[in-house]
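Student: All chains should be modelled from the sequences, with the hints used to inform the complete structure.
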Amino acid sequence: MSAIPVVPSGHVEEWHLPSRGRIGMYCLIIGESAIFTIFVVAYIFYIGKSLYGPTPQQVLEVPIINSIALLSSSVTIWLAERNLEHKKMKPFAFWWAITIFLGAYFLVGTGLEWHKLIYKDGLTISTNLFGTTFYSLVGLHATHVVVGLSMLLLVLIFTLTGQVREEHAHRIEVLALYWHFVDAIWIVVFTVVYIVGR
Amino acid sequence: MADSTLPIDASLDLTPPREREGRLLETLHSWVITIDHKKLGLMYMMMAIFFLLVGGAEVICIRIQLALPNNHFLSPQVFNRFFTMHGTTMVFLVGIPLVFAFTNYVVPLQIGARDMAFPRLNAFSFWMTFFGGMLLYYSFIGGGGLYGMGNAPDVTWWAYAPLTARAFSPGHATDYWALALIVTGIGTLGGAINTVATVICMRCKGMTLMNMPLLSWLMLVDSGLLLVVITPLTAAQVMLVIDRYLGGHFFDTQAGGSALIWMHFFWIFGHPEVYVLVFPAFAIASEVIPVFSRKAIFGYPAMVAASVGIAFVSLGVWAHHMFTVGMTSAGNAFFVLSTMLVGIPTGIKIFNWLATMWGGKIRFQIPMLFCTAFLFQFLCAGLTGIMLSVAPWNWQLHNSYFVIAHFHYILVGAIVFNTFAGIYYWFPKATGRMMNETLGKWHFWLFFIGFHMTFDIMHYVGFLGMPRWIYTYQADRGWNHLNLFISIGGIVQAIAVLIFAYNLIWSLLRGKIAGNDPWDAWTLEWSTSSPPPDYNFATEPVVYSRRPLWDLKHPEDPDWKYE
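One line per chain: the protein sequences are A and B, in this order. With the first sequence counted from 1, adding 160 to any position gets you this note's numbering. With the second sequence counted from 1, adding 9 to any position gets you this note's numbering.
Mixed in with the good hints, there may be bad ones.
[Unchecked claim] What the simulated footprint calls covered on chain A by chain B, stretch by stretch (three residues with Cβ under 8 Å from a Cβ of chain B suffice, anywhere in the stretch; the number is not a length): (1) 176-187; (2) 202-216; (3) 284-290.
[As the list claims (entries may be wrong)] Computed footprint of chain A on chain B; a stretch qualifies when at least three of its residues, placed anywhere within it, have a C-beta under 8 Å from a C-beta of chain A: (4) 209-215; (5) 241-250; (6) 253-260; (7) 265-275.
[What the hints assert, rightly or not] Some chain A residues near chain B, calculated using beta-carbon distances under 8 Å: (8) ILE190; (9) GLY191; (10) GLU192; (11) ALA194; (12) ILE195; (13) ILE198; (14) PHE199; (15) SER296.
Keep in mind the hints are simulated off the structure, nothing from the lab. All C-beta atoms in this analysis are idealised placements derived from N, C-alpha and C, irrespective of residue type, glycine included.
Tutor: Right, here's the structure in full:
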């Protein structure tokens with residue numbers, strides 16, 4: 161029995177595996193999508209089933225500007241990423257800051273909307289089924305925006321102190337994936353709450 | 010050739026092991042701050058074994074209470090807390106940690122990697138799971154204190170609405186249930202993300218997905234399933250907390266809500282969850298049976314396809330837990346058929362394991378004893394599952410002891426049996442010592458006899474109409490002797506598990522030195538020393554077939570000629 165291992169001819173030359181960060185973020189996105197699916201199903205199931213209290217038709221105004229702001233932030237973050245890959249740090253920081261501004265604008269808009277709903281229309285999470293499902297679903301999304309915005313802010317701070325360089329482009333891309341996910345969820349939530357449910 | 014030396018030059022670490030520093034505090038500290046997958050895997054395993062004993066103690070108390078009619082060993086309130094905690098503990102604090110125990114320890118070694126994809130996330134996930142367990146058990150002493158068993162959850166492990174509403178469950182029992190499981194759920198999600206990323210991104214050169222050992226495949230599918238399954242439970246529990254504390258109406262019928270929707274959400278999690286729990290048993294069988302039959306696994310591609318198939322089909326069967334709630338005939342029929350469908354890929358796996366054994370040179374060492382019992386018991390469990398999938402049959406037996414017998418046949422008969430097999434199989438790798446064969450045989454036979462005493466009879470007592478969750482029964486129902494017999498079987502199993510615990514400790518101190526490859530196996534973990542060095546492999550392995558060690562031990566007849 162020979163002690164030298166014989167290897168097959170034509171064995172593996174190219175060995176490329178996907179990046180861990182990207183796969184990890186996709187997995188997180190899949191898991192979070194499952195959470196949102198449950199809340200969306202609950203929302204859809206309960207459309208029109210409130211026994212009393214304000215209805216969507218009565219109190220909801222379609223947040224067009226807000227949605228445009230959030231969805232544009234996907235475009236601006238993509239612009240920022242591209243600049244980072246080409247080592248243009250100042251345009252990167254600029255577009256990154258614009259993204260944060262647009263995300264914050266969205267949150268302020270949501271806050272104003274909720275203020276009106278609570279104080280003017282008397283709709284809270286405990287008012288009726290619409291209130292419960294609305295605040296849960298939109299609130300869950302807003303929570304994800306807050307988390308995303310915190311991460312984006314961290315990156316901005318590191319950029320302004322000069323610690324973010326072109327070699328971090330891949331990690332920035334993974335974070336941007338999360339931000340795109342948050343935007344995509346908003347498209348679903350917007351459609352279900354403001355179009356289908358009204 | 011029980012301990013062959015392998016002609017791999019650089020992959021074995023030949024430097025002598027460093028002298029242990031010896032200070033207890035340093036050792037403990039190194040375990041607490043570790044991010045090494047092997048240590049974390051062992052900690053998950055220790056957590057699982059600890060909670061197995063705790064959950065076992067709970068069920069022994071339950072069985073003592075049920076052994077005689079009109080018994081007063083446990084009050085009804087305490088009985089409710091005990092069976093709720095037994096179920097919750099076994100699923101979330103034993104079952105899920107076992108998934109991650111085997112994944113963490115074995116998968117990186119099998120795929121030739123240095124560690125999991127995200128080591129710090131790994132540590133975070135373990136400690137979240139552990140703290141969730143501590144929070145759940147704190148409920149016994151938080152609030153009302155030990156007399157009356159505090160505020161431990163008493164709403165069954167399913168926590169059906171509207172029992173869990175503030176009006177019907179005042180106090181914090183339900184809150185402990187929901188919050189502790191949200192915490193463990195975060196740990197589980199982290200572990201699942203880590204496993205998928207590890208298996209997809211960290212395989213060594215030459216290990217294509219179809220060259221990967223089946224355990225790694227099954228853990229990949231398992232974690233993929235967990236990603237979409239654990240988060241619905243978290244969502245439902247968040248809804249429950251909103252209902253209880255923010256005045257929400259998700260499950261509030263008086264406001265137009267639906268208690269039934271809790272059942273749907275819970276079982277959308279709950280059914281795939283039991284497949285999540287059983288996948289490690291499949292994985293261990295797929296590793297142990299070939300090695301102890303001295304034959305490569307029969308039908309590897311079919312095993313992979315069947316595993317993926319089981320994961321997908323399991324997502325569509327949840328309402329077979331709800332046949333009695335009054336769904337439409339069409340709804341019932343759909344779930345009858347989808348549940349029966351899941352028997353097909355599962356059957357393929359059983360046939361393939363049997364075909365692996367057929368014509369092989371079987372060695373009935375302890376791991377193989379447990380795996381053989383697994384095959385028989387899992388088959389029976391599958392058959393009673395198909396019986397229960399028939400809706401009219403289910404209408405008679407829903408919530409009876411027949412159902413308990415069915416799922417314990419899987420949880421104990423398949424999962425616990427194969428967990429023992431896996432522990433006996435990989436203990437030599439993790440510790441460098443073999444477990445005691447004699448104690449192992451006592452453990453196996455006592456556990457086997459006790460298991461069948463308890464759960465075979467339990468099917469019958471279910472037929473006679475004994476419902477679940479009752480804390481006692483009248484003497485004239487005809488269940489007396491049967492329940493006593495079941496309880497004695499439980500005591501026998503407890504003795505067996507205690508023998509196992511003793512074996513673990515004895516073998517750690519006095520077991521025979523194992524060497525690298527005591528079972529003459531074929532996957533990469535057996536090419537490292539026992540225990541492996543911290544970095545696993547001195548150089549990254551390169552593999553050319555599904556059984557890299559077979560190729561190395563038999564260079565005149567390597568697998569890649571035939572695959």
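Student: If a hint holds in the structure, say so; if it doesn't, say that too.
Tutor: Hint check results:
Counting residues of the stretch 176-187 of chain A whose CB falls under 8 Å from any CB of chain B gives 7; the rule of at least 3 is met. Beta-carbon proximity to chain B at under 8 Å applies to 6 residues in the stretch 202-216 of chain A; the threshold of 3 is reached and the given coverage holds. Beta-carbon proximity to chain B at under 8 Å applies to 5 residues in the stretch 284-290 of chain A; the threshold of 3 is reached and the given coverage holds. Counting residues of the stretch 209-215 of chain B whose CB lies closer than 8 Å to any CB of chain A gives 6, so the stated coverage by that chain holds, three being the minimum.
Only when three residues or more bring their CB closer than 8 Å to a CB of chain A does the claim for the stretch 241-250 of chain B stand; here the count is 6, and the claim holds. Check on the stretch 253-260 of chain B: 5 of its residues sit with their Cβ under 8 Å from a Cβ of chain A, so the three-residue criterion for coverage holds. Residue count for the stretch 265-275 of chain B with a Cβ under 8 Å from a Cβ of chain A: 5. That meets the three needed, and the coverage hint holds. Interface restraint check: ILE190(A) against chain B, minimum CB-CB distance 5 Å, threshold 8 Å, status holds.
This hint holds: GLY191(A) has a C-beta 5 Å from the nearest C-beta of chain B, less than the 8 Å allowed. With a cut of 8 Å, the hint placing GLU192(A) at the interface with chain B holds, because the nearest CB-to-CB distance is about 7 Å. Given the 8 Å rule on beta carbons, the hint for ALA194(A) holds: about 4 Å separates it from the nearest Cβ of chain B. Hint on ILE195(A) holds. Least Cβ distance to chain B is approximately 4 Å, under the 8 Å limit.
Residue-level restraint check for ILE198(A) holds (minimum Cβ-Cβ distance to chain B is 4 Å; threshold 8 Å). A cut of 8 Å between beta carbons decides the hint on PHE199(A): the least distance to chain B is about 6 Å, and the hint holds. Among the interface hints, the one on SER296(A) holds; its C-beta lies about 6 Å from the nearest C-beta in chain B, closer than the 8 Å criterion.
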